Amino acid sequence: NAGVTQTPKFRILKIGQSMTLQCTQDMNHNYMYWYRQDPGMGLKLIYYSVGAGITDKGEVPNGYNVSRSTTEDFPLRLELAAPSQTSVYFCASSYGTGWANIQYFGAGTRLSVL
Amino acid sequence: TQLLEQSPQFLSIQEGENLTVYCNSSSVFSSLQWYRQEPGEGPVLLVTVVTGGEVKKLKRLTFQFGDARKDSSLHITAAQPGDTGLYLCAGEGTGNQFYFGTGTSLTVIP
Chain Y
2 NAGVTQTPKF RILKIGQSMT LQCTQDMNHN YMYWYRQDPG MGLKLIYYSV GAGITDKGEV
62 PNGYNVSRST TEDFPLRLEL AAPSQTSVYF CASSYGTGWA NIQYFGAGTR LSVL
Chain C
455 TQLLEQSPQF LSIQEGENLT VYCNSSSVFS SLQWYRQEPG EGPVLLVTVV TGGEVKKLKR
515 LTFQFGDARK DSSLHITAAQ PGDTGLYLCA GEGTGNQFYF GTGTSLTVIP
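Residue numbers (our numbering), protein chains in the order written: chain Y, 2 to 115; chain C, 455 to 564.
Just so you know, the hints here were simulated from the structure itself, not pulled from any lab data.
On a predicted model such as this, the values are computed, not experimentally measured, just so you know.
C-beta: ideal position from N, C-alpha, C; glycine also.
A couple of the hints might just be wrong.
Stated by the list, open to error - In silico DSS-like pairs for lysine-lysine, Cα to Cα no more than 30 Å straight-line:
1) C/513 - C/524
2) Y/10 - Y/45
3) C/511 - Y/58
4) C/510 - Y/45
5) C/524 - C/511
6) Y/10 - Y/58
7) Y/45 - C/511
8) Y/15 - Y/58
9) Y/15 - Y/45
10) Y/45 - C/524
11) C/510 - C/524
12) Y/45 - Y/58
What the hints assert, rightly or not - Okay, the calculated bits of chain C under chain Y, using three or more residues with CB under 8 Å as the criterion:
13) 475 to 482
14) 499 to 505
15) 513 to 520
16) 541 to 554
Go ahead and model the full structure; you've got the sequences and the hints to work with.
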């Protein structure tokens, strides 16, 4: 069982370039999330999805876009990369237990915008 | 935005010492989770607390959820070098969103 898989693991972009960070999960979880983590800090929510075809903005959505065409995949799109988007990006999926949602994280994508 | 503040931000202790990490907010959460993150990896869930006043133990780790479900603490007894890492709390708010704390970086010196 692979869990949450993120690709690529590392990427360097030039200012103004675009790219898509891929995230896929094989646990049939309805909920999926994208976070960014700056050095030594906690995680900030970019976008999340409660199911296929449904996405919502989190705390820091500006400069990003997402789509959720299938339960398994939740790609994150950067259209015009800026130095402020240099960060580590984590994808997560979760399931509800009836009393709480349990999140599982991917290993992250380390992005530098130069 | 529902803010979660963790203290201390950094902690360096000797092996065998005890420590407590705090996670405080002015917001109420339906559940609160604690994660440990090692360099180059994603956070790994340690525990979820749901009920106000709840206490959970995981070997040498004790987690407590405040009575008002706004704050939590993590106590580690007899810390070991393997406990080194970044500890994150996260509150589950409305709309299935999670709000993460600022993190506590723990170093246990052998």
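Right, here's what the structure says about each hint:
A threshold of 30 Å between alpha carbons decides the hint, and for residue 513 of chain C with residue 524 of chain C the separation of about 25 Å falls inside it, so the pair holds. At most 30 Å may separate the alpha-carbon atoms for a hinted pair to count; residue 10 of chain Y and residue 45 of chain Y meet this at roughly 19 Å. Between residue 511 of chain C and residue 58 of chain Y the CA atoms are separated by roughly 35 Å; this puts the pair beyond 30 Å, and the hint is violated. Straight-line distance between C-alpha atoms of residue 510 of chain C and residue 45 of chain Y comes to about 26 Å, which keeps the hinted pair within the 30 Å bound.
At roughly 19 Å between alpha-carbon atoms, residue 524 of chain C and residue 511 of chain C fall within 30 Å of each other, so this suggested pair holds. Pair hint residue 10 of chain Y plus residue 58 of chain Y holds up; C-alpha atoms about 24 Å apart against a cutoff of 30 Å. Proximity of residue 45 of chain Y to residue 511 of chain C is assessed by CA-CA distance (about 28 Å); at most 30 Å being required, the pair is judged to hold. Between residue 15 of chain Y and residue 58 of chain Y the alpha-carbon distance is near 25 Å, which keeps this suggested pair within the 30 Å criterion.
Restraint check: the Cα-Cα separation between residue 15 of chain Y and residue 45 of chain Y comes to about 23 Å, which is no more than 30 Å; the hinted pair holds. Simply put, residue 45 of chain Y and residue 524 of chain C have alpha-carbon atoms about 19 Å apart, close enough for the 30 Å limit, and the pair holds. The suggested pairing of residue 510 of chain C with residue 524 of chain C holds, with an alpha-carbon distance near 16 Å, which does not exceed 30 Å. Between residue 45 of chain Y and residue 58 of chain Y the CA atoms are separated by roughly 11 Å; this keeps the pair inside 30 Å, and the hint holds.
Taking a C-beta to C-beta cut-off of 8 Å, the region 475 to 482 of chain C contributes 0 residues in contact with chain Y, too few for the three needed, and the coverage statement is violated. Note: the region 499 to 505 of chain C has 3 residues with beta-carbon separation from chain Y under 8 Å; the three-residue rule is met and the coverage holds. Coverage of the region 513 to 520 of chain C by chain Y is violated [criterion: at least 3 residues with CB-CB distance below 8 Å; count 0]. Residue count for the region 541 to 554 of chain C with a Cβ under 8 Å from a Cβ of chain Y: 9. That meets the three needed, and the coverage hint holds.
The structure fails to meet hints 3, 13, 15 from the earlier list, while all remaining hints are met.
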